[in-house]
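Q: From first to last, the protein sequence lines are chains A and B.
According to the numbering used here, the stretch in the first sequence is residues 1 to 233, in order.
According to the numbering used here, the stretch in the second sequence is residues 1 to 223, in order.
A couple of the hints might just be wrong.
Beta-carbon label-pair distances, calculated as ranges [as the list claims (entries may be wrong)]:
1. B:Pro42 with A:Ile104: 36 to 44 Å
2. A:Glu37 with B:Lys122: 51 to 59 Å
3. A:Leu212 with B:Met1: 44 to 52 Å
Please keep in mind that the hints were generated in silico from the structure rather than gathered at the bench.
Only a predicted model underlies this, so the values are computations on that prediction, with no experimental measurement involved.
All residues carry an ideal CB built from backbone N, CA and C; glycine is no exception.
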Amino acid sequence: MISYTEKESNRTLIVLSAVVLIAVLVDLFLIFQFAPEERSMGHVQRIFYFHVPSAWISFLAFFVVFVNSGLYLWKRDRKYDLLASTSAEIGVIFATLVLITGPIWGRPVWNTWWEWSPRLTLFLVLWFIYIAYLMLRSFVDEEEKAARFSAVFGIVGFVDVPIVYLSIRLWRDIHPSPVIAGGQNSGLHPDMKIAFFFSLFTFTVLFFLMLLHRLRVERTAIAVRELKRQMAY
Amino acid sequence: MIRSVTAILIKDFVSELRGKEMLLSMLVFSLMVAVIFNFSFPPGSEFIQEAAPGIIWMTFIFAGLLGMNRSFVYEVDKGCLQGIMLAPIDRAVIYISKLIVNFVFILLVELIALPLFVVFFKLDILGSPGYLLLVVLVSTLGFAVIGTLFSAIAVNTRTREVMLPILHFPVAIPIIICAVQATAAVFQGQEWAVVWGWTKIIVAFDVILFIVAFLTFEYVIEE
């Protein structure tokens, strides 16, 4: 059974929750009040403060999956598997957010819901890889096997991502994409930068809070299973 | 090491040649797809030539998955894998020999089916058959590299046959894109540089994913 001191973890959770609550409120103010309106795109541009941090969080989450998958295969400690699987779940949620907020922005700005641009395509593929990862976990009955298999897939999937991006970029070079209104990072207004980086921070602490909560639920589930097993004898 | 690889190879080839389950099902499947795709385009349409590289590769991928699904089913169901694992050989040997078997069988099917695709779809490959052969070789190797690893995983899941494509497709996307584009370049009679531009990504995929699969395979089949 995984040991952890409940009191300690509770205190961390409460502190982190408070930080997240304040950060989210400040972030909302920065995004909707403080940051100036974009000249050509208008208010739609504000989705950028949700979209890009979500993308960053999913990359972070999938990196955590990769690292912990490797650690699990090496050390065979269940806690690495727990970290990898919970991180994959959160990563999929944020990747889904990226895929939802992207088209909402793309419709008025690019005049299309979906465009096979390298980044969009990459995210769709990422999303599929980690959906497959989660499906794999749920389709294996023995926990230990599920952990091993998903660790292997978590490593293979992550290593594959740069090659996917390379091939998609080359593929798009041949099919010219429609004119896109300038790069998002080209000349960001200083106030926009503040809002953006604060948003990045907020999403990052939110990620860790979600990770902690999810880990706690998982650990409780394991403890309950353990108790049930003991009662059966 | 080479001796143990050949020993497993001979076992697999002999059992396959007796049953022909994998080869026949892949081959018949490929031919049927070639015929069926004809009906999905208006008769006499030129479009089929443009779509041919995509159709050919989708056929080969599905056929390959069909075959690779079988590659560990027998081993696990008949307890053969346990026998092999009890033998004093490295786990990597099992991966290498299974990889070779999958690669050879899929390649065989492709080499039989490809001329038929050329005839059915009225394609022109006479300009540079060597390029096409190279593209087919490296792409098939890439499929087999991850397919062998994933089929060893998929055979242990509840949804066996369904799990393999779900794991395989997203990871195989670089090969799918590059193989289709390289093949299209060959059909259009483009020069070597264009074909190589795509092929080199497949080669990079083969090398990198082979190393990863080779190193992680032992964790998949340990009991």
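Q: The structure should be examined with respect to each hint, and the outcome stated for every one.
A: Right, here's what the structure says about each hint:
1. About 37 Å separates the C-beta atoms of proline 42 (chain B) and isoleucine 104 (chain A), a value consistent with the hinted range of 36 to 44 Å.
2. Separated by about 57 Å at the C-beta atoms, glutamate 37 (chain A) and lysine 122 (chain B) satisfy the suggested range of 51 to 59 Å.
3. About 47 Å separates the C-beta atoms of leucine 212 (chain A) and methionine 1 (chain B), a value consistent with the hinted range of 44 to 52 Å.
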